[in-house]
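Asks: Working from the sequences, and respecting the hints, build out all of it.
Protein chains in written order, with this note's numbering: chain R, 19 to 319; chain X, 80 to 132.
Be a bit skeptical, because a hint or two may be false.
With a straight-line Cα cutoff of 20 Å, these simulated PhoX-like cross-link-like pairs (lysine-lysine) come out [what the hints assert, rightly or not]:
| hint | chain 1 | residue 1 | chain 2 | residue 2 |
| --- | --- | --- | --- | --- |
| 1 | R | K218 | R | K97 |
| 2 | R | K33 | X | K103 |
| 3 | R | K288 | R | K97 |
| 4 | R | K218 | R | K157 |
| 5 | R | K157 | R | K97 |
| 6 | R | K33 | X | K96 |
Derived by calculation from the structure, the hints in this document are not laboratory data.
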Amino acid sequence: MTTASHTITGLASAKDLFALTKPRVMSLVIFTALCGMLAAPGSIHPVIGFTAILAISLGAGASAALNQWYESDIDAVMKRTSGRPLPAGRMDRETALHFGIGLSVFSVLLMGVAVNWFSAAFLAFSIFFYAVVYTIWLKRSTPQNIVIGGAAGAFPPAIGWAAVTGDVGPMSLLLFAIIFFWTPPHFWALALFMNSDYSKAGVPMMPVVAGRQSTRHQIFGYSLVLAAVAVAPFVLGLAGAVYGAAAILLSGIFCALSWLVARSKTTEPKDMAAEKRLFKFSIFYLFALFAALVADRVILA
Amino acid sequence: MSEIDKDKPPMSPEEQKVYQARQKHRAVIMAALLIFMVVLFYLITIVKIGSGS
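Replies: In structure tokens:
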């Protein structure tokens, strides 16, 4: 950590500006957006496709910067986030705000000029949803924050799809729904073993408000809905057997791991092996499911 | 945001060094990004003209 004076924090390092975009979250955004684009009917010129992914990534980075600008007080008291540039004192809030707004405007304009204005409007809405609806409005006011806020993370594949087709179709809605219903079990598994962090910060995460057992049961409930939504493209004939087999297998494992979480009674975070396992698998699940969709399209083509 | 605030105490030589190193690093990255964007917009223009849109 750099110990810097007030003047130096006004000139954030490039490394910290990059960290403000949450690069690890961005990798999932890039991947799902790319899959949405590859799964869409029709074709897109590689240069335009690259630009669309770049714009979606910059939009996600902008949302992350605005999120950290607003949440620097919460981040400072949570162990997991206290090392971020703002709470660690390596950057001032004004820089983060300017960076976030600048990147938002640039990403939307880039999408509109190079790709199409429908996906640009979609991207603008997703940034607004994450930065305002989720971060400013929902996160501190309701334990349903993750459920509704999950929509923000579910937009990228639909935007990738819209970059190719210029509209929203049944398959892009299903891709949206998959991430939407994946988010609560993914985040609540994390929140269960990070419970003390969230309660210390006063964030009304489900385990803090409804208790661990209720959260565990809801994780299992959402996993069942996720499994149904994940298999739907195959059942409805929108995807082939490769995707269908992968969706059934992966969702089966997801539900089994969620069932172990639902049965767990552990109270100590260090003993929450089932929750940690589900959290790790949930990340793999999303990557594998979307990769299977693309593989399915390639094989069918 | 990158201006030196006259109301604040002057920077120490070490801080001055860090400040100038950051300025230089950011300028190099900004130049690389600008070149990248010029190339990207050139390619976008070629593709758009080629497709007639």
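Asks: Each hint should be assessed against the structure and marked as holding or not.
Replies: Hints versus structure:
no., hint, verdict
1, R:K218 <-> R:K97, "10 Å, holds"
2, R:K33 <-> X:K103, "13 Å, holds"
3, R:K288 <-> R:K97, "15 Å, holds"
4, R:K218 <-> R:K157, "14 Å, holds"
5, R:K157 <-> R:K97, "18 Å, holds"
6, R:K33 <-> X:K96, "17 Å, holds"
Comparing the model with each numbered hint stated earlier shows that all of them hold.
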